[in-house]
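Participant: Start from the sequences, fold in the hints, and give me the full structure.
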Amino acid sequence: MTNFLVDGKPCSGKPDENLLQACLAAGLDLPYFCWHPSLGSVGACRQCAVKQYANEDDKTGHMVMACMTPVTEGARYSLEDPQAAAFRASVIEWLMINHPHDCPVCEEGGECHLQDMTMMTGHAYRSYRFTKRTHRNQNLGPFIKHEMNRCIACYRCTRFYRDYAGGRDLDVFAAHDHVYFGRHEDGTLESEFSGNLVEICPTGVFTDKTFSARYARKWDMRGAPSVCTGCGLGCNTTVNERAGEVRRIVNRYNGSVNGYFLCDRGRFGYGFVNAPERIRMPLVRGADGKQTAVSHEDAISHFAAMLGAGGRIIGIGSPRASLESNFALRTLVGAENFYLGFSAHEGRMLSLIANILSSRALHIPSLRDVEHADTVLVLGSDLPNAAPRAALAVRQAVRGAAFELATKANIPHWQDGGVRTVAGEALSPLFVATPATTRLDDIAHTALRAAPADIARLGFAVAACIDPAAPAVAGLSADLAAQARMIADALLAAERPLIISGVEAGEISMIQAAANIALALRARQKSVALMLNVPECNSLGLALMTNGQTNFEAALATPAALVIVLENELSRRTGNMAIDAALSAARLVVLDHSESPTTQRAELVLPAASFAESGGTLVSSEGRAQRFYQPIFTENDIGAAWRWLSDACRAAENNECEGWSTEDDIVAALADALPCFSALPDTAPSEDFRVAGCKIPSEPHRFSGRTAMHAGRNVREPKPPVSADSPFSTTMEGYYGGEVPPALLPFFWAPSWNSVQSVNKFQTEIGGALAGGDPGVRLLEARTEAALAYYTGVPESFAPRPDMWLAVMLPRVFGDEEQSARAAPIRERMTPPLLALNDKDAAMIDATAGQLLECEMDGELQSLVLEIQPKLPRGVAGVAGLAAKAHAMPAWIRITKAEPGTP
Amino acid sequence: MEKPLTALIQPDGTPLDITGYERAGGYQALRKALTMTPEAIIGEVTRSKLRGRGGGGFATGRKWDAVPRGADAPRQRYLAVNADEMEPGSFKDRLLLEQTPHQMIESVIISAFAIQASIAYIFVRAEYVLSINRLVRAVAEAEAKGYAGANILGSGYALTIHVHASGGRYICGESSALLTALEGRRPIPRARPPRSASSGLWGKPSVVNNVETLCNVPHIIERGADWFLGLSHSTDGGTKLYGMSGRVKRPGLWELPLGTPLNEILEEHAGGMQDGYECRAVLPGGASSAFIMAADFNVAMDFTSVQKVGSALGTGNIMALDDRRCPVGMLRNLEHFFAQESCGFCTPCRDGLPWVERILAAIEDGEGRPEDLDTLARHTIFLGSDFTFCDLAPGAMQPLASGLKHFRAEFEQHISEKCCPWHDSAGGWA
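Just so you know, the sequences run in chain order W and X. By the working numbering, the letter at position 483 of the first sequence is numbered 483, and the numbering carries on one by one without gaps. So the working numbering is basically just the index in the second sequence, starting at one, shifted up by 903.
Hints in this document: simulated from the structure, not taken from any laboratory.
Calculated pairs, DSBU-like style, for lysine-lysine (alpha carbon to alpha carbon, straight line, at most 30 Å): (1) W:LYS59 - X:LYS1308; (2) W:LYS408 - X:LYS1107; (3) X:LYS906 - X:LYS935.
One-sided and incomplete, this derived list gives chain W residues near chain X with beta-carbon spacing under 7 Å: (4) CYS45; (5) PHE87; (6) ASP177; (7) ILE411.
Every residue gets a Cβ at the ideal spot worked out from N, C-alpha and C, and that includes glycine.
Facilitator: The structure is reproduced here in structure tokens:
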């Protein structure tokens, strides 16, 4: 540690920190704008000015910017120096020259870093008396509102968007006090990380357009720690609720997972919770064939009667439902009758992933680990579309080379300008092998295009290059062999190599190849990490729960009397004909939160809670079990699926779930029943956790209108709902402060820090782990003694077939995920389904870009617009925007041109 | 009196072509330099006490010496010539570029050889179209004759020279912003560390020198450091291109020994003030220098002497303020320039300068308030060095701070009389 004096008081900081970080870590309130823990320092705003003194005798000192000053042993600084304090107030005064005083109508108001810093410097009355400059705002698409007049030109937006996230279409234009941050013309921001501008902007230039439509002040919304359900990465979010609606989703800092940033699918895809197609009442199909609403009790007794009717009962689980709900269904129908809710192909892949990861032979990286990898191989995954936050982490990993150069030049890593000057375009090695181009290609050392089988062969060959004991690849082309050698050498030269693959390309051998590479590196004593992407928020949890042995298509092959489907839309998992055949003879109970073709064919539909009406536990692709909490408490029948199931269980006089009254009970039962979940109760504090005898308030202390909100119906204050499953009080009453465990932080708020920047008050070191440890429990930590044998199933090299193409799915960040695709703003970003072909392949069928093509998939005729992708391997057809048919890919298809006149 | 820099300027304003330049002794210094080691050239330039003529006054030899040498040093290095002459009142580099393009090119080649740069950029102010045309032609001629390009004069040394027209912002004259602009990015000054000498253009060792500075180099090489020191009246070596503008009889530019007294330049070379005008004060080195009042006009125009009277030699291009010109109007004009040319990166400069400009305009227009003077005074401190990111705003505060001190009465008169006292006379510069 480095020791130094601030205003005569001894402080200490890490030697690689700057003075601003050290001051904030020491709990001192030093205002800043342009610095950000993830972006480093550039010294633009001049807000963090302090005095530095040469020695004890130096009484005058000189002004330094804390963010640009490395802390040095024995140094003397002053925050309170009158000139420094006056200068900091002056900086605010300058920023306020053009800032409109529109806080009352500004959506940032109340959680505005500029407001906080203004108060902190003490600037109150301005002496500027001339006109303000004004700007024209832009329409930046469905996610982001733009109000440039509020801009204080801290440059954080462009530094995040361009330098950190690799976006190209947001920039700074013009000069002097006319600098303008926007696009070159009106239009939707292209980056899938644009939503972070809302939190990166210290004031109200970029605000959440989806929130704007149902706006409330920060202090007027309940907060619930939640986990994103948009993909398998498990980013931590805070869900804000008011009056029974999800108002917005904001990032919830987790130093090991998402850090400060989310992707746009996760942030803006919550609309399905509030959507009209939500199922809010139990529905029973009557004699007339129509589903009609019934009471809770009638629904339970109907369900109990169905359970008691005899015959084979099977349960189909769901990778988007919590562990608790899946376990409840498994308990209700019995483990032998519980089937995965995956398609057969996906089930095989997830079962493989579960086997690899639960062998514990390999380290699964957290997203923070990903950021620190020094050589990365992506095998088949289109990360920016399938797991965007991981792509953002890879983007940081490749900056390792730049930081190494900076270290050599004696430039601290936080000094962003200096690092970029020294390092220029230096990038650590990243190899991307995918069928189609990805948005990581721009930073890749090599971006390789090949058919899935060939990518797998490349992977196997890389493993064999690293460790001769790994199975060799016969008949590898000279080109692929050379690539494999190069990649193997780079991985062997690395200190922290990382292999990434996943289910997106639909090629099981690719996952095996990725595992082999990691195992080979492990055999060579490399500290390797293996990241295997899974598509849904609890894919891995479900795969672990059932050991991946039983996919539901197998279950449907034998007729059942009763089929219970948990939060699953079966037509996204298998062909409709298969479902028709299987379900025509069975009675069907579906528990789900939104209407779907599956709920429509059910005899009994139970309104299951979404992530917003219940708590639960999800296991991310990192093997991290994380708890999400309930923000919405409504009077309708929507409830956690596990509660419906255990109620039915009891009503059917099945005592398996007798002791389940809270989530803690079912979590304990789950931990007991399945050894891989034994650590589950440590995920978060139990329901009876209290601080000083108090619950944690889920509403801020300044929450207003709780008696007025329902005054249209009832002028008395209603009894507040009770959160039975968590230590949260549903109101503003309770303890909020430093002792709240990180898993239970409903919002970040600290004295003088009302904005999202207040998170620095909850970290042990600025930009590091949350005090008390980052939330979540890693279930699959690697063990040195664990072993896993090499996979030997090297596939044959890809052979194009005459007049046929191998259809592979090209993921799309917006639209592929089932629930977020119901949100209107996400729908605006979805692109029509397309079929991509190599230009020569397109010429073979004499088709041109934009032309309508037809192909048969899953027994259905699909009309898709042709896109020419010259980089696509020959014989491969990329299909994008057709996630509902993902289960039918990869598959060999015939492609014909649509007859003129077909729609 | 020797005038090495301007000796070859032709009376008709047509620059010597390469044969003319060779006939007059051109490229002999290059031949000599190529027989020397780079270290010897740097040593000679260091001994000559050549200091930067662009305004900073940094010792050229030391700047070159900071470029990493030896086996571990990066091979690729760059020389950039700062020909982005945009300092208000300064026009000395233009003369050299337009009238002696081959002297410029020879200087570039020798200097690039000294730091072992293989690529040199001449970053020229966009409006200097004639300079650009003449430089481009001179580069082509030099390449054709084997002075530039591959294997220069059989020495094995190769240098590519690019003439680059600036996009046209004052901040591009800041050496690190110039490099950023050359990289095709937004010209914003760079944070230090790193120093450009070790990590400049595209992260490689780079040196940025002013036009006039470099034009001295061939002469130093040809005639030696001692000769160069002997040219000067001061402890630093060489001559200086002094310029004078304002209501003098003969505004212009003269090559004189470094350290020539200010009043000699004003009275002898510029011919004194026009009849009926008195010189109250001057800005000695461009708009970013402080006023020197009449009492100090005997100051020697060298780096240290001008500092002693509270200003800076800067570019050595003097602007005279006469007694019938409104000092507030002059300052308003200058601060308008600086406010407009702020790059917009750091807060005090971006938002402070326009405020300063508006206050000055208000005072000029008779709408000043007594407290405005406090606000201006506060800006002269808070827009000073250490407070701002680069030297643009601190430079802009030089005339304002000294103006507030020396012309306090005039400021107060504007405010109390609610109009510009010069209003009915010749008017301001704005």
